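Engineer: Here is what each chain is made of, one letter per residue.
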Amino acid sequence: MNIFERLMQLDRRWVFLLLAIVCVITYASSFEVPILVEPEVRSIFQFIDTLPKGSVVFVPMDYDPGSMAELHPMTYAIVEQCWRKEFKVLITALSQNGPGMADQAIREIVDSLKVPKTYNGVSYPAREIVNGVDYAFLGYKPYPAIVILGMGQNFRLPFPLDYYGTPLDSLPMMRDIQNYSDIACAINISGTNATDYWISYGQGRFGFPLAIGVTGVSTAQYYPYLGSRQIFGIMGGMLGAAEYEELADNAGNAKDAMRVQLSAHLVIIAFVIMGNVGFFATMRKRKRGLAEGGR
Amino acid sequence: MMKQQIPRLIVLVFGAFLLFQFFVPHESSEWIYEFLLDWTIIIGVFALAVGIWSLFNVHVEKIKTKKFGWKYSYVTVIGFVGMVTFGFTSQNGQEWGWFFPFVAAVLLTVLMIVQAGATKGNALPFLGAAAFFALCATVIAWLDTTWSFYFQTSVPLQSFMFRRMFDNILISLHATTFSLLAFFIASAAYRAFRARNIMASLLLLAALVVMSRFNPYLEPIFGEHVSRLSNWLMNVPNLAAQRAVIMGIGLGMVATALKVVLGIERNYMGKG
Amino acid sequence: MDYTTFLWTTAGAFLTLCIFSFLYKDNPFYKFAEHLFAGLSAGYFAMILWHNGLIPKLMYARLDDGNWYLLWLDSSKPWYLIPALLGILMWARFSKKYQWVSRFPLAMYIGIGAGMAIPLEMRARVNEQLSAMMRSIDWSHFFGTNGFNLLDTMSGLSQSIVFIGAICGLVYFFFSKAHTGVFGGMAKFGIWILMIGFGASFGFTVMARVSLFINRMQFLDQRWIKPAIAPSAPWWYELVLYFVAAVVVAYAAWELAVFLRRKKNPETNQVI
Amino acid sequence: MRHKLKLVLVLVLCAWTTAAAQTDTALGDSVSAAPALPPPLPVTNLQAFDTDNDHGHAITLTWEKSADDGAGENSVLAYEVFRWFPFQVDVVDALRKSVSETRDAVRAFRIDLPRAENALHELSEDPGKLRTIRFNVARPSDSTFELTVDYAIRALEDTIAFMRENAPILKNRTKPLQQDLEKALARLPQAHANYPKDGEWRSLGKALVGSTTYTNTGSKETTADGFFPDYADLYYRVEAVTVDESIRSEAATVGPVQSRGQWFHTGKVPVLGFVLMFFVFTLTFVQMAKKGANLYVRPLSGIEAVDDAIGRATEMGRPILYLLGIGTATDVSTIASFSILGRVAKRVAEYQTSIIVPCYDPIVMAVAQEVVKSSYLDAARADDYKQESVFFVTNYQFAYVAAVNGIMLRERPATNIYMGKFMAESLLLAETGTLAGSIQIAGTDEIAQIPFFIVACDYTLIGEELYAASAYLGREPVLLGSLKAQDWAKVVIMAVALIGMLGTALGWPAFAQMFQVTG
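Protein chains in written order, with numbering that gives the first Met the number 0: chain G, 0 to 294; chain F, 0 to 271; chain Z, 0 to 271; chain E, 0 to 518.
The hints are simulated quantities; they were obtained by calculation from the structure and are not laboratory data. Just so you know, not all the hints are guaranteed correct.
[Said to hold, decoys possible] From the derived model, a few chain F residues whose C-beta atoms are all more than 10 Å from chain G:
#: 1; residue: F55
#: 2; residue: G96
#: 3; residue: L107
#: 4; residue: F132
#: 5; residue: S186
#: 6; residue: M198
#: 7; residue: L207
[As the list claims (entries may be wrong)] With a Cα cut of at most 27 Å, we get these calculated DSSO-like pairs of lysine-lysine:
#: 8; chain 1: F; residue 1: K65; chain 2: E; residue 2: K385
#: 9; chain 1: Z; residue 1: K76; chain 2: F; residue 2: K66
#: 10; chain 1: Z; residue 1: K30; chain 2: F; residue 2: K63
#: 11; chain 1: Z; residue 1: K176; chain 2: E; residue 2: K290
#: 12; chain 1: E; residue 1: K96; chain 2: E; residue 2: K219
#: 13; chain 1: E; residue 1: K219; chain 2: Z; residue 2: K76
#: 14; chain 1: F; residue 1: K66; chain 2: Z; residue 2: K24
#: 15; chain 1: E; residue 1: K289; chain 2: Z; residue 2: K176
#: 16; chain 1: F; residue 1: K63; chain 2: Z; residue 2: K95
#: 17; chain 1: Z; residue 1: K24; chain 2: F; residue 2: K61
#: 18; chain 1: F; residue 1: K119; chain 2: Z; residue 2: K176
#: 19; chain 1: Z; residue 1: K96; chain 2: F; residue 2: K63
#: 20; chain 1: Z; residue 1: K76; chain 2: E; residue 2: K182
#: 21; chain 1: F; residue 1: K70; chain 2: E; residue 2: K385
#: 22; chain 1: F; residue 1: K66; chain 2: Z; residue 2: K95
#: 23; chain 1: F; residue 1: K70; chain 2: Z; residue 2: K30
#: 24; chain 1: E; residue 1: K219; chain 2: E; residue 2: K174
#: 25; chain 1: Z; residue 1: K96; chain 2: F; residue 2: K61
#: 26; chain 1: E; residue 1: K385; chain 2: Z; residue 2: K30
#: 27; chain 1: E; residue 1: K385; chain 2: F; residue 2: K2
#: 28; chain 1: F; residue 1: K61; chain 2: Z; residue 2: K95
#: 29; chain 1: Z; residue 1: K96; chain 2: E; residue 2: K385
#: 30; chain 1: F; residue 1: K70; chain 2: Z; residue 2: K24
[Claimed, not checked] If you only want the chain E side, here are some residues facing chain Z, beta carbon under 10 Å, derived:
#: 31; residue: A328
#: 32; residue: Q386
#: 33; residue: S388
#: 34; residue: E464
#: 35; residue: D486
#: 36; residue: L497
#: 37; residue: P508
Note that the coordinates shown come from a computational prediction; the quantities given were computed from them, not determined experimentally. Virtual Cβ for every residue (Gly too), placed ideally from N, Cα, C.
Sequences are here, hints too, so could you generate the full structure?
Structural biologist: This is the structure:
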């Protein structure tokens, strides 16, 4: 029996073996995977990338440890990019269990800024990120919708003090920031339904440029807003995070997982194609066999 | 009569009531509804005894007939009894005292009973041993004060052994069994995705497009429209298919349920 | 990582490997893990049902207030006696002779299920989908909401494809009419749409399934291997690691030997 | 020690109040930098009525937006809604709280008393154990205290004495407390009636800017906070609030209004209509079938496969594996599967081959045993029936899968039949089945799982076909009649969908709205 027939009736355990080997190797190794970036992610990156130095980016982190795995990579990539490009970052956490996690994330990113890096060919020096100068973390307040509306009037109304208890007026960067009209854009990274409030009450009422990063499951339901121009970009789950890391040239957890994902997919697709090649190659033979049987 | 008519009558009564309860928002109807749901839970708990009985029967039978792999039946029994023991006891302090000897005694008791059930010869020695171990267990439980039984409060659900068994053993087994899917989905795709006829080809093509939606290595082959195409596939033909299937299922369900309530379909309940 | 945690994790890791060994073939390790899993899970479920199902429903307030209690009879909720009795009827299954008594609670169960399903499923699966189907199709943007774009899921074209697809899908589910002529054509189109939809949702799941396996790899790597070979860890952690590895390697070698001396089943090319 | 306990209670109370306070204020305290605004104009045309189609205990308010909302000063941020609470409510809440606290205390004592005694015992034996002894005063996994031995012993003795002394007292207190609570609840309607005497306005919450309606839903449980009785006179008022809490419009008041439950849900009429239609169809066609009208049903390959599969099993002398899925006996798909099992088991009994039915749920197992047994009776082979062939495995999804996979590879059944509710395990089972070289027939109503069955099984009943299978296998005219009813229901649905779609397209949405289910 020829190679194709062997291919046709290949024992499935070869499939298992190959898949397992590929997964383990790719997991262990650390090669770069090219990630196909979708326009809705690229638009976010480009928007931030083209902002002038010193502009304010608002990053509400409305998620809790539950959806950390998917959403943390987005936050890390975006905030680091902002600080590398010497923007000021304004952060809130409108999810009950969010603040502690957000605070920890901020500290980690601050540490990563202490070493010089080269992203997309541009080399950035090490920077000392100062609370109140480069960023302000406002913390948590209940009733997201009302908080969002209040901030539209003035950040000081929902947050007279920041997360660490300092009055906003005594933070240097907050001096000339009153409300949404003073921010360049808001990137809402959310695992809760706060995203709806950001779209309808925040962007809808005050009309600042808004982009969102959401968990994989809830990605589809926000695409309509992209069509209606209410948001200028959307990052969906692990994949979206990986795409952004790709754009920011700043590989993180998301890309690690994607590496294994991609190779596993390739293996599966390859096997499907092999199966079909074998199928068509042996088709004529099978037909003849049938004919002889008929005779 | 007793064996058939009355069960059917019960089905009719309860079915009809719950059918109309749906349209009555009033408090009283809600009260009855919730009460009935409690019934199902309670009966379920009592039924569990039946299930466990069957479980033990099966394994005793296996051991008795020395059926292929009968030795492993002991593992199941031990696992079950162990988990139950952990589920009824909890430490008082940090000390373990005689807890594990107690568990061992309980396990041995049950194993002896199982053996007595499974043996072809004289069961008495096993029963005697069972009684002995049971006695040991009781004595330990009586004397040892480092741990105690909790039958009426759910304290043991948070106890050391129970939680560790769940977090480390059950979760591992669960997650791993689940993750076998990663391989099975591959082998299934390899075996079944062959363009035998037009339907298989459609299945194959749709699956391939959606799978390769974010795969950069395939970009030169499919072009960058593939992600939009897969998005379209998910939101248009998939949506249409789901609608058709959901509606069909809905009608099928209602038909079946109606037949059962009206007693047209009687096959679900025994006759003789 | 203290040694109890490490040992528990090791047990979890070992069982993980046992389950994965099933991918090669059924083997003693898998049999062990499987039977353990069955026993533990049955015990776990029994405990959960006892502590969260039976006690709260029947004996929750027991001894904690002035009410008097007798077994499950609670002077504040005497009506809970009924389900308790019904539950006890389930135990008639222990006797072969009076098994049929248990049909009363069973009939109640099925009655509740069927009766509840009729309006609920009709509403959730038929009415809601019907309303969704009747949403207006965007005729003004028939070829895409912004410019000509066939892959626009919101365009009138896509929406009408959804509509027609759903209708044809329903046609496919007709039982009492032969699929011939125009009707047959619609049915054929319907099943095509179904197949495309199924293919798409198959492809969509692959990613999630693969990530399950990735999670298990991360578990083995980050929770088990890394802590064991960490310089801070006690020396014998690593030995445990090597021991488990040795077991795996030994088994693999053994199976390889068997594989090399294998006989093939002539018709299926599989190892017997 | 007593003081210690009191202290704990006080602390708990403090924590509770502070927590409550925290969740109360949405916007922090008013801020120096806040711009001074003129008070906005009040809402107009405020109306209150019982919420329709509910179990009562709910009132809906409607009003017309303040002139400063979206227009004018545009200073309105939210509408704060108040209800008039008689002080009797506080009495009720206090009683409720003390009842639950007493219960908790009694329960805590019952758990802690043995622990305390045990701890004392250990300590008196070996003072060195002090470091390791964990005993908590309030409830499990709470604060631990490490003190010098003699103090610890004294404290323990004190605690034990305190518990021994107080447990019975508390236990006897709960009953009278409950009775007081019931009395107090009974007085509530009267207390509501003598508005505005001995009561005050309290805030219920805020409705966001732009909204013109608010529903005050109380609990129907007398044991829950936020309970308010039906048929009691309630009074409401609404104020427009600016970002600065202190600046608000004057109030619009409405009342008295009573809540009550309804006996028919008007929003669900379309469902009722469809159910009745279906009912009529079914009865009609069943009658026709009984009269002997010839009812054609198109062949289903999956169904025909069943017979061949059983025959194959007989030839190979291997058993048939029938899985009812992981549904409970209240799932319709499982019920449908029962009747299919009945048909299959009958054939199996006739061919004198054997059937294995591992079950996921004890009740499902019990029913399955009844079904199989009676099928054997029908086939007049009652003595071939072995109850052990229908057995319970476990009630834990993947443990069930693992066990069944094992059975497939060891028993090597000639045919696997999957009918009912299947979740993620569908592919795990089906793939192992193919590995074991069995013929596989599947049918499920879990849409997400159908693709996997189609891919891995030889024959798949898609969705509705699962529910038709029993009728097909049974071939009883009555059941075929009900299939006819299903088809006609489909015709009606298609017609309605078409008309509705065209209607909405041609500007006649009324028809589509007729079928809208609300609530």
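Engineer: Each hint: holds or not?
Structural biologist: To see whether the hints hold, each was checked on the structure:
no.: 1; hint: F55; verdict: holds (35 Å)
no.: 2; hint: G96; verdict: holds (37 Å)
no.: 3; hint: L107; verdict: holds (40 Å)
no.: 4; hint: F132; verdict: holds (44 Å)
no.: 5; hint: S186; verdict: violated (4 Å)
no.: 6; hint: M198; verdict: holds (15 Å)
no.: 7; hint: L207; verdict: violated (7 Å)
no.: 8; hint: F:K65 to E:K385; verdict: holds (18 Å)
no.: 9; hint: Z:K76 to F:K66; verdict: violated (49 Å)
no.: 10; hint: Z:K30 to F:K63; verdict: holds (19 Å)
no.: 11; hint: Z:K176 to E:K290; verdict: holds (20 Å)
no.: 12; hint: E:K96 to E:K219; verdict: holds (17 Å)
no.: 13; hint: E:K219 to Z:K76; verdict: holds (18 Å)
no.: 14; hint: F:K66 to Z:K24; verdict: holds (20 Å)
no.: 15; hint: E:K289 to Z:K176; verdict: holds (20 Å)
no.: 16; hint: F:K63 to Z:K95; verdict: holds (21 Å)
no.: 17; hint: Z:K24 to F:K61; verdict: holds (22 Å)
no.: 18; hint: F:K119 to Z:K176; verdict: violated (60 Å)
no.: 19; hint: Z:K96 to F:K63; verdict: holds (24 Å)
no.: 20; hint: Z:K76 to E:K182; verdict: holds (19 Å)
no.: 21; hint: F:K70 to E:K385; verdict: holds (23 Å)
no.: 22; hint: F:K66 to Z:K95; verdict: holds (24 Å)
no.: 23; hint: F:K70 to Z:K30; verdict: holds (10 Å)
no.: 24; hint: E:K219 to E:K174; verdict: holds (22 Å)
no.: 25; hint: Z:K96 to F:K61; verdict: holds (24 Å)
no.: 26; hint: E:K385 to Z:K30; verdict: holds (25 Å)
no.: 27; hint: E:K385 to F:K2; verdict: holds (20 Å)
no.: 28; hint: F:K61 to Z:K95; verdict: holds (20 Å)
no.: 29; hint: Z:K96 to E:K385; verdict: holds (14 Å)
no.: 30; hint: F:K70 to Z:K24; verdict: holds (19 Å)
no.: 31; hint: A328; verdict: holds (5 Å)
no.: 32; hint: Q386; verdict: holds (8 Å)
no.: 33; hint: S388; verdict: violated (15 Å)
no.: 34; hint: E464; verdict: holds (7 Å)
no.: 35; hint: D486; verdict: holds (5 Å)
no.: 36; hint: L497; verdict: holds (8 Å)
no.: 37; hint: P508; verdict: holds (8 Å)
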